[in-house]
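Chains as they are written, first to last, in our numbering: chain P, 1 to 358; chain F, 359 to 691; chain W, 692 to 1118.
These are computed hints drawn from the structure, not numbers from a lab. Treat each hint with caution, since some may be false.
Negatives, chain F to chain P, calculated, CB over 10 angstroms [what the hints assert, rightly or not]:
hint	residue
1	Asp362
2	Met488
3	Gln680
EDC-like mimics (lysine to aspartate or glutamate), calculated; alpha carbons at most 20 angstroms apart, straight line [what the hints assert, rightly or not]:
hint	chain 1	residue 1	chain 2	residue 2
4	W	Lys879	W	Asp847
5	W	Lys955	F	Glu473
6	W	Lys779	W	Asp1093
7	F	Lys467	P	Glu336
8	W	Lys984	F	Glu433
9	W	Lys854	W	Glu935
10	W	Lys984	W	Glu776
11	W	Lys1043	W	Asp847
12	P	Lys129	F	Glu473
13	P	Lys348	P	Asp25
14	W	Lys879	W	Asp1093
15	W	Lys1080	W	Asp992
16	W	Lys1079	F	Glu689
17	W	Lys955	F	Asp504
18	P	Lys129	F	Glu689
19	W	Lys955	W	Asp992
20	W	Lys779	P	Asp46
21	P	Lys129	P	Asp46
22	P	Lys129	F	Glu433
23	P	Lys93	W	Glu1109
24	P	Lys150	W	Glu886
25	W	Lys878	W	Asp852
26	W	Lys1043	W	Asp1032
27	W	Lys854	W	Glu886
Even for Gly, the Cβ is constructed at its ideal location relative to N, Cα and C.
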Amino acid sequence: MFYRESGDFKTKYVDDNQTFPIKLDRLGYYAIIAIAFLVVPFVINDYWANAVMVPFLILSIAAIGLNILIGYCGQVSLGTGGFMAVGAYACYKLMTSFPEMSIFFCVLISGGITALVGVLFGLPSLRIKGFYLAVATLAAQFFLVWLFNKVPWFYNYSASGQINAPERAVFDFLVTGPNATAASKYLFCLVFVFILAWIARNLTRGRVGRSWMAIRDMDIAAEIIGVNPLKTKLSAFAVSSFFIGIAGALFFSVYLGAVEVGEAFGITQSFLVLFMVIIGGLGSIFGSFAGAAFLVLMPVFLKNVMVGGLGWPTDIAAHLEFVIVGGLIVFFLIVEPHGLAQLWRLAKEKLRLWPFPH
Amino acid sequence: MSADFLYTLEVILNGLMAGVMYSLVALGFVLIYKASGIFNYAQGVMALFAAMTLVGIQTGQVPFSHLINAIFGTEVHHFGWTVPAVFAIILTLGVMILFAFIVERYVLKHLVNQEPIILFMATIGLAYFMEGFGDLMWGADIKTLDVGIPSGASVWLEDATIGWGVEGGGFYGFYIDKLDMVAAVVAIVLVVTLTLFSQYTTTGRALRAVADDHQAALSVGISLRTIWVIVWSIAGFVALVAGVMWGSKSGVQFSLSLIALKALPVLMLGGFTSIPGAIVGGLIIGVGEKLFEFWVGPLIGGATENWFAYMLALLFLVFRPQGLFGEKIIERV
Amino acid sequence: MKSRKLAALAVVATLASSSAIADLVFPSLSYRTGPYAANGIPFADGYADYFTLINQRDGGLGGENLKLLECETGYNTQKGVECYESTKGEGALVYQPLSTGITYQLIPKASADGIPIHSMGYGRTSAANGKVFEHVFNYPVNYWNGASVAINHFLDQGSLDGKTVALVYHNSAYGKEPIRTLQELSKKHGFSLTEIPVDHPGQEQKSQWLQIRRERPDYVIMYGWGVMNQVAIQEAANIRFNMENFMGIWWSGSENDVIPAGAKANGYKALTFHNTGAGYPVFADIQEYVVDKGMAAGAGDQIGTVLYNRGMYAAMLAVEAARTAQEIHGTMAINASQMRDGMEALEITEEKMAALGLAGFGPSFSVSCENHGGPGNAAVQQWDAAAKKWNLITEFTPSDMDVIGALIEEDSAAYAAENSITPRSCS
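Same shape as in the complex, but just chain P (with noise of 0.2 angstroms):
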């Protein structure tokens, strides 16, 4: 009744350009940033930001990097865990190096120090592409993995080579270390994830997403057409990478607090975040979260309707979570191959037309 264009009058061009067209999702993506922001940091406790929010949105945010790679630019990644080792580790340095750098910045430079490393992993795209792209990227995922387990000094020469985040604060609240509050966590998370989420949607819709798209459409065909194909592919990586590293960064110092690089960054985490993006939409930034907040909050979901509900045997419940979630996954993929992002898309669809379809 509501959705829909008329009567939104737009009378300059930078209307016309804006992401939300239609007023009501404007509106919606309003209510849903002041809630965030205002509302869910003063009601949320230690076991919903810890066991799902913070992962959802740190996954989120991985997810965005990943689809930037995959979704726009079109090249698939399995090296996601070791990207975020990566950050992971540059975030454990630099915190323990230099303590009175505040945590912001170890992060932001953690992410720029992936996105060299992704560049540099990123330098076979040139050659190798489709599936074989993915399975080379897995060079990276084992290759990072082993670095960071065997070079003590990354670890600060620990005995086990386990790493553990030290507390830092952000304006006199803890964010790192057991004593973070939830609120504080949950907010210096969602401000990334805000910032983050923000640039990425500018980013491609402007020129460089743009040249993305065109390599993933057709790369000789772009090439032709003057997109640079080493620019553009590279540039893909760095920002994915990017992302990523915040990430991992992210996913040590706020979410775990320590972390042994096989069990945290392994393949099955590189796994779990192409998941997100294949289920969520590939190409949609709003696909990310909803990829991120399925592959999150289901399994927990689950877990607590089957052993809290129900009152299951927890290894049965665990066996059915597998067996629900691999369901759900290709009954998704039947029903609407394009992920979540394109029922999203096609439902909006139908409600502007709503109540007339014809």
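Assemble chains F and W onto chain P, guided by the hints.
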């Protein structure tokens, strides 16, 4: 001959053997990719599932016993019989064919003409599903798999070669695991059979036709759906072979599904579409990673095999982006 | 999307508020799925069955019902966090994280929340220093003790001077634990140490065992886990390494690890800190009060296996610590910080064990303010493949605390410095 040289030879030999084991897993990937363009992530889980089913049937385990006991409060575990290995293998094959049928009926049929990455994702969903389903069906404990394959060092080979080294040079004869020899023979038989099958039988020709061009195959009256069932059944069989070989070594347990990760560099190097490629790729990866671990490993702290296999494959790909034996990627605008 | 989130929120919220706080709550972070499920299942069963036994036989502890909250981690750190957060609000008394990764993760969190952690035979070794790690306990034994007891066992067979010892380890935080200790010990006893890492998961160990075959070390120590154990034992048998000289840590010494290798695994040794088999009076009680009543955890087919016994032993130590806490504080309904005091004052004597129906099952030890690690005594068990049975072949023997004590001091000091903890005084 000096001990160092002989040891290098030994490492190469064992690398070849390990390579064969990788190839067994990689073969399943190639079969499905060739026939349907699907990168089947679930291949490793299929191997696990097949091996679990084999052990379950062999020992007369009641499927879903844990679930049944939890729901009905009963105490059933085993039927109380054991099945001879040969029959168990045949029955397991039946299960894998049934599985192929179900996959085609409920998944693939609905995803015709989708992009490769979507199909890839569907197989990931399948892998998740089977992981949980297999554990529910047969339990998550380690099962001992015994179908009568010999294992242990070949004493005969050790005795025959121990004289090659110089006296007191610290050479103890070549070491090769009997299980690996069996695996090599099985792999050769498998590849030869598959090649003969696809060259000389009607179904085999139909498979190749589908692999070459879906549309054209359809137009000459080949049923894509039947072909897919056949291909997935064969892949299920290959998964069973791989599961048996790897499972005899380590017992059948969850980690068996991770052997897929060992097969990926092999695939990449050999090309996704070539059966001989899977074998040659496996051999190169096997020898490469073992030699690297032998020569360079001690200098940089060891445990290099996992990443070196991928680095090696990456190196090859830079020069041949479609893998050694893959079909040339032709791009048109 | 939003509506799903809200639905999840509603369900979780109602679930979280639906438990009573009257019981003594013991969370069990188990893993019955994932790559290490085969090892997680018996431990979780043993842990659960002992609590059931106390409730059924004794009517709880001092009249308080013991409540076990099982939460599936799948050996995954992220799920471990979720489990911790979802159970800590229910009045959890002590955490048994059952994974080195999750332990590291929970050490700062649980310390801040004032909930004790008992990482029995795993986790952060330097947590034995109670001055720095107030809330973390790893009695009766830790990884470094294990390495030293293994070396002592080899020393009993003759001097190690000029011999070589190879360490085959899981290339992770856990596997790397004994390296420092072994390096120190090699200096002290004059043996040379070869480190041989095996990458996760460890299905393919040809290179490693060929190296061992070439270099012929006199002894091999293994710190393995999961599929790595089965493959390593199989490969060791294949190269015909003398099983008498092959020793695993306690996480490489369960039935699961040796049975796949069949008869060839005969003679393989492993460390342990508790006895084996079901020949103790307590097992008759478990049969009577738990199994026969149909209340056994899991499939109920694990009783008497090494890891089942270990889980039961962990539960027994937790119950005894709770009992001690009740005595100290004169209240039956103890809380987490009282539980911590109980753990710190825990004393396990031979008489106590006999009274529990576990005479000679584990070492006697006591915990103190400075020492959260106990004396570090461990025994050696050996596999009898024909009888499919582990047998203890030594007493619970002490480890070289001169070497280990210094290392613990050093590592805990580093942790304290990094996290700005001032060690408390214990006098």
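We went through each hint and held it up to the structure:
no.: 1; hint: Asp362; verdict: holds (26 angstroms)
no.: 2; hint: Met488; verdict: violated (7 angstroms)
no.: 3; hint: Gln680; verdict: violated (7 angstroms)
no.: 4; hint: W/Lys879 with W/Asp847; verdict: holds (15 angstroms)
no.: 5; hint: W/Lys955 with F/Glu473; verdict: violated (50 angstroms)
no.: 6; hint: W/Lys779 with W/Asp1093; verdict: violated (37 angstroms)
no.: 7; hint: F/Lys467 with P/Glu336; verdict: holds (14 angstroms)
no.: 8; hint: W/Lys984 with F/Glu433; verdict: holds (12 angstroms)
no.: 9; hint: W/Lys854 with W/Glu935; verdict: holds (16 angstroms)
no.: 10; hint: W/Lys984 with W/Glu776; verdict: violated (33 angstroms)
no.: 11; hint: W/Lys1043 with W/Asp847; verdict: violated (31 angstroms)
no.: 12; hint: P/Lys129 with F/Glu473; verdict: holds (15 angstroms)
no.: 13; hint: P/Lys348 with P/Asp25; verdict: holds (10 angstroms)
no.: 14; hint: W/Lys879 with W/Asp1093; verdict: holds (11 angstroms)
no.: 15; hint: W/Lys1080 with W/Asp992; verdict: holds (16 angstroms)
no.: 16; hint: W/Lys1079 with F/Glu689; verdict: violated (62 angstroms)
no.: 17; hint: W/Lys955 with F/Asp504; verdict: holds (14 angstroms)
no.: 18; hint: P/Lys129 with F/Glu689; verdict: holds (11 angstroms)
no.: 19; hint: W/Lys955 with W/Asp992; verdict: violated (25 angstroms)
no.: 20; hint: W/Lys779 with P/Asp46; verdict: holds (10 angstroms)
no.: 21; hint: P/Lys129 with P/Asp46; verdict: violated (44 angstroms)
no.: 22; hint: P/Lys129 with F/Glu433; verdict: violated (54 angstroms)
no.: 23; hint: P/Lys93 with W/Glu1109; verdict: holds (12 angstroms)
no.: 24; hint: P/Lys150 with W/Glu886; verdict: holds (13 angstroms)
no.: 25; hint: W/Lys878 with W/Asp852; verdict: holds (10 angstroms)
no.: 26; hint: W/Lys1043 with W/Asp1032; verdict: holds (19 angstroms)
no.: 27; hint: W/Lys854 with W/Glu886; verdict: holds (14 angstroms)
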